[in-house]
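Residue numbers (this note's numbering), protein chains in the order written: chain A, 958 to 1039; chain B, 958 to 1039; chain C, 126 to 281; chain D, 126 to 281.
If you're looking for bench data, these hints aren't it; they were derived computationally from the structure. Mixed in with the good hints there might be a few duds.
[Unchecked claim] DEER-style ranges, computed between Cβ atoms:
no., chain 1, residue 1, chain 2, residue 2, range
1, A, R996, D, D136, 43 to 53 Å
2, D, A142, C, Q131, 32 to 42 Å
3, C, S138, D, P179, 52 to 62 Å
4, B, M1017, D, Q198, 50 to 60 Å
5, D, P179, B, S1008, 22 to 32 Å
6, D, Q198, C, D261, 19 to 29 Å
We put the beta carbon where it would ideally sit given N, CA and C, even for glycine.
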Amino acid sequence: MKLLYFARLRERLGLGEESVELPPGVASVAQLRAWLASRGGEWADALQDRSVRIAVNQDMATADTPVTDADEVAFFPPVTGG
Amino acid sequence: MKLLYFARLRERLGLGEESVELPPGVASVAQLRAWLASRGGEWADALQDRSVRIAVNQDMATADTPVTDADEVAFFPPVTGG
Amino acid sequence: MRVRVQTADFDISAEIAALRAGKPGIGAVASFIGVCRDINDGDSVAAMTLEHYPGMTERSIEAIIDQAIARWQVTDARVVHRVGDLRPLDQIVFVAVAAEHRGAAFAACEFIMDYLKTQAPFWKREQTPTGARWVDARTTDEAAAARWASDAPTGR
Amino acid sequence: MRVRVQTADFDISAEIAALRAGKPGIGAVASFIGVCRDINDGDSVAAMTLEHYPGMTERSIEAIIDQAIARWQVTDARVVHRVGDLRPLDQIVFVAVAAEHRGAAFAACEFIMDYLKTQAPFWKREQTPTGARWVDARTTDEAAAARWASDAPTGR
């Protein structure tokens, strides 16, 4: 799975992009988020922030959205363009 | 007094501009309009059309607006710019 | 100069640049361009001629801009309106409003355009296959201008 | 191309000319330009950097334009958004909507801008005298986008 982090979240995690293999039991956005938060430290704080938005394959996702190793998942703060 | 006619009204009257001296008893827009309509023919028809707008010294006027020989009065149809 | 009536065409970028020049507090510019269409009321239009009332036209548009500035948080505004002979695809009118924030810019720009349509002394004469005709005023334009008089909250 | 994300500046006249080219049925073009201000939330801003999510940004703006076209009688629309380093007075975003009549053009242009502000993945980072900071999302932008979801008649 390809993971992307943007803006404040990218800076906080010190990482813009990574590739991971999903462990058994991680099949939804909520499970993916919990698994990444379990890395601890900044990961726990940053990913538990309720304002974090998540997109799966470039569409906005909810906690229930399913994920597989073939997906691109992005984490980012509320948008501020325009 | 300077009188101006615009657009459809100008074409109908065959006149864009004229100078007149107001006769006694013509001191308001309504009186001016009645006096010009009394010329008869196209003047009667054109000036009695309820859609005609009248401006005195380049401000929109009503029937009661006073007029004198020093004024510029314009007659025109509803506007269609933009 | 906030208001110009002219036969010449205008350049949108240049007009907006002039409106914004030296004002780094502006965050939003809403603008509108009215264009000569090749059809009106179901008839094809080959050309049109725009007549105006020199002096009163400029004054009335200045008054419309003053109203907009009194009503919204607007930095500045600009209107250019062409007169004379125009053809389909030609630009007719330009309205631009600059403001700190976009809500005021959009509202004031649409307000100016709606009021210009019903209050500024311009008259259009169209060339159609059946001859020339003066364009009639539209009740939809009266309605568009009237909605700004309502006391309904605008959310802006 | 209806949507472009680029570091380069854009020319408003050229964009509107491209939007209108060969379409003599267009009578109205409403457009908006968002500009980098020299102040935000009370602090002076010397520069800003705009980040985006390549691919998703373009897709989300295309979807916003599709929504506008489904909702109003709109001929076409165009959005250009800059990314990278910008300074006060620089143009940031351009939205233009062409339609037969002005009501639809104004409404769709403001709708696209309001939705772009809350849905398109861009993020601003500002340089202020006290250092760099990521701009926080505004509740006023959420409110501006939310009003389009209401079932209230718009009169357009």
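Range hint 19 to 29 Å (beta carbons of D/Q198 and C/D261) holds or violated: Check passed, 21 Å falls within 19 to 29 Å.
Outcome for the supplied range 22 to 32 Å, where the beta carbon pair is D/P179 and B/S1008: violated, 58 Å
Consistency of beta-carbon spacing, D/P179 to C/S138, with hint 52 to 62 Å: violated, 28 Å
Satisfaction of the hinted span 43 to 53 Å by the C-beta atoms belonging to A/R996 and D/D136: holds, 47 Å
B/M1017 versus D/Q198 beta-carbon gap, inside 50 to 60 Å or not: violated, 33 Å
Cβ separation of D/A142 and C/Q131, checked against the hinted range 32 to 42 Å: For C/Q131 against D/A142, whose Cβ atoms are near 20 Å apart, the range 32 to 42 Å is violated.
Checked against the numbered hints given earlier, this structure breaks hints 2, 3, 4, 5; the rest are met.
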